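**Q** Sequences listed follow chains A and B, in order. Heads up: the first sequence runs through residues 1 to 615, numbered per our numbering. Heads up: the second sequence runs through residues 1 to 418, numbered per our numbering.
Read the hints as simulated data drawn from the structure, not as lab findings. Quantities reported herein were computed from a predicted structural model and do not represent experimental measurements. Treat the hints with care, as some may be off.
[Unchecked claim] Computed from the model, here is a short list of chain A residues facing chain B with C-beta under 10 Å:
#, residue
1, Ala171
2, Ser273
3, Val277
4, Ser563
5, Ser564
Even glycine gets a Cβ: it sits at the ideal position worked out from N, Cα and C.
In case you want the letters, here they are:
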Amino acid sequence: MSNFNSQSTPRSRPQSKPLSKPLYKNRNRSLAQGHFNRIAVCAKWLLLCLLIIPVAAGVIGVFLPAMGYFPAIGANQFDFRVFAALFDVAGIHTMMWLSLFTGVVATVIAALFAFVLLSVFYRSQMLSRLQIVLSPFLVLPHAGAAIALVFLLSPSGFFARLFTFNSSAIASANEGVFLFDSYGISIILALVLKETPFVLLMAISVMSQPLIREKINGYFKAGTALGYSPIAIFFKLVLPIVFPQIRLPLLAVLVFAVSNVEIPLILGPNDPSTLAVAVLHWFNHIDLSMRLQASSAAVVQVGIAVFAIIVMLAVEKGFTFYGKKWLQRGKRHVTDKAISAIAYLLLIAYVVLVVSAIYTLVAFSFAKQWTFPNIIPADVTMVHWNTVLDAVLTPLSNTVLLGVSVSFSALVLVLLTLESEPLNTGKTRASLLLPTALFLPLLVPGVAFLYGLVWFQQLILKDAVWFHVYVAHMVYVIPYVYLSLAVAYRKFDNRYVMVALSLGKSPMGVFFLVKLPLLIGPILVAFALGLAISFSQYLPTLLTTGGAISTVTTEAVALAAGSSARLSAAYVVIQAVMPLCGFGLAWWLSNILFKPSTTKISTNKSSTGKSVRSV
Amino acid sequence: MAFVRLACLTILIIAGSAYADSLVNGSDNPIAGPVVNPQTNPKTDANPVVRFHAWGGSAQVNSYLKWVADRVERKHGIALKHVKLADTSDAVSRVLAEKAADNLHNGSVDLIWINGENFAAMKKNALLAKGWVGDIANFALTNPDSNSAMVTDFGEPTLGMEAPWGKASMVFYYRKSHFDSYNKPVPQTIHALLQFSQQQPGRFTYPVVTDYLGISFIKYAAIALNSSNQSLFYKPVTQNALEKITPSLWTYLDALHPTMWRNGEYMVRQASQLQRLIGSGELSLAFSFTAAEIPSAVERFDLPRDVRTFAMSDGSLANVHFIGLTFNSPNQAAAKTVVNFLLSPKAQAKKQRLQVWGDDTVLDTNLLSPSQKSMFETQQSHPSALDKSQSTPLYAEPHASWTDALRQAWEERYGARY
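Please take these sequences and the hints and turn them into a complete structure.
**A** Dropping the structure here:
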């Protein structure tokens, strides 16, 4: 089994030395086992292809027009004129600066906020409550979060209403400093709001891995014995262990932050906008020759992302450099009180934001007349929900169909890929490629490769819209499903597998009868996460379908600019409820399907099988 | 609502972009061919068939045309068939193909609902019957002699090739409670608008010029500020003409922008956001191309009850849509009868009703008899709706080439806002 190498000898049968039983019986088993192994390895390669090919094709499809090659409009000479033209565009430098500035600042703040929260709550019961408070903004798509912020922060928004006491006041027109401001503060705010929970969750999941957890516990004891405060222990001992593990996800957040379209489109400035919004605008321009400019801007966007990563790594280096000196000084306390105060303020801010956002959105979706500065609507009606429910059926079914098929196939591929890892103990080419490939779609800005991808899709299978949107979603869903499941796999106690194997189960049997039932909880959560990621995709859906397939999120972004605040609110509510349904279903199903507390798993081979079937 | 879609469609068509709308079901595909074989359907037939090729994306328009079909069937024994188009240019290219194939008498399209670029294309290729509009008795009620918008389609003289059917004109709407508290009159001219915005900063804005309502506001301002040079707008744009027009426009906008919502630094991307900002009370004054959408938004609670609609007294930009008669229609007499019915006060009054379609009449109500006039007045019931008994001067759409020229000049001066 250990010599099995999928690339050089795909037809070779694995030798199952540890399971040598009577020959004829063994051959059947090793055949089945070979199939399973082969399928798992195929799945791994398919997964790699799904991650790499669309991104690579997309980058090429954007790079060629940027270099002046776009045969569809008769441009087929390679040169740098397109870039020269791009840098002549008025305000281009402001656009680039705005993208870089908002992305880097938001990511740094989000990371700091997450660490501050963790440092105060990492060893307390509050941590799980904290996760509950943060979860609404975690599952809400970026577009929904941005729309919710507009509802709260605009001069006629909920907070302005709360602090307006003159009942005949007219909403202020110019005092909402936070929205559409030319410094991009509103963009930073929305990004921080969305990314802090994500960074926090990433850190928590790293910290809960068995090996790291043990290490942290040891450090904590040692630190406490030496008189360090818990907050100081976190920053001086725990963070240095955790940070390298979340560096890649953090960089993915960074790349998203510098290149995302939804948030600046909904609450960013437009004189000028961020580069990503301009790219979107140029790509959608009626004049096809604008594609060249859009492509060069997309390439510049990649450059900005790379530069942002360099800046981020430099920031990290700076922190490490001063951190070491700081560590050597050996102070037992950091500014503990200030940090706890910040953490509690953050917590309160999140609670206020979540509660007021839920109230405002739900109330707006039912409101009749609701004039400024009233805090409650004059009356309620079902008229908006009736309109939405009439119109939402197609987008909703598209969303669910797409989400379920994408998330399910991603789940299968990821499970098989993870399964292929222990089977192939040697480092294969695929397993070396995997970590890089997983972050590829997250590290290449969407606006850069999606347009190129669309170009290729126009050349190949022009009418297979569902296939294209499926592939585009897979590219984004696979990494998250993988990351979420890999943690569970790492936590999985492999002794169950060893026992089952030693009792004569084939790897396939072990997978279906031992691993799947034991991992059903994390698997369902990964499925729900895949659903949530698929639900939230705006740009991939819009671009690959050309608007032919509408989803709840594309409709919500369209309606964010629509004339009805009430319909827009209703769509955000749907956007928030859908992923929550997914996670709720995952939680409920995992309770129904398999409860370790009520079903005793014995290591006995037959009862392992039966206990699963009978539940 | 229907007209918003129509206007968007027009813009898309102007842009030359293929607008494939799945709203229209396949069985009505114009490619499927006429229902009636032209050979067996001479004019003398007892029951002539008129095929009206019209955009079919609006339920309101479709049900109105169904009502029209019922009426002409009962009254004139004409079977009116609404061929629902996804894209009007499909029908245009169909007629063009027929002409190329030497089908000069038995065309499959009788009437076609067009304006703007499609009309220009049909005119250029001589696909429309000429001078037939004068035969339509009710056409005189549009007062074409003093109302050039009825005989000009985006700057192109219609030469009697198409009859006006309906129009949308730019209307302004405001929050009455706001103006009561400002204790100021509502601005009625382009200059008064600037004065208002200077006195109450932040209460007015317009969308970016890539939005059709945004460019429409620029057109309105350009025409209103250049009343002595208005004729320039109805010819293809030249560099000279543009240079004559822009100085007064830039002076005006330079003064207006700093007084607008968010000091003019942020301008809304879509016209629909104007309505939202009026609803939330951040703006006091906004405008629209669809007068009918204002009261219906109040009914849906998106706008508060104190919203009032009016038209600027110095003129409002009007966008007329027309019905063309093809050169090879085998049923010209019956088609003209249908058009005459569509232009009748009764049909026009019905079309204008908010519950039906809300599309403005092209008739000059001053030429109507008191009883005819009353048909238009009875529906003036909603306090937020435009008072249509007042007739205001209309500015016809400038020649189609002005749209791009003005947009480009604006973006050069004020920056492209995405």
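**Q** Going through the earlier hints one by one, which of them does the structure break, listed in rising order?
**A** No hint contradicted; all consistent.
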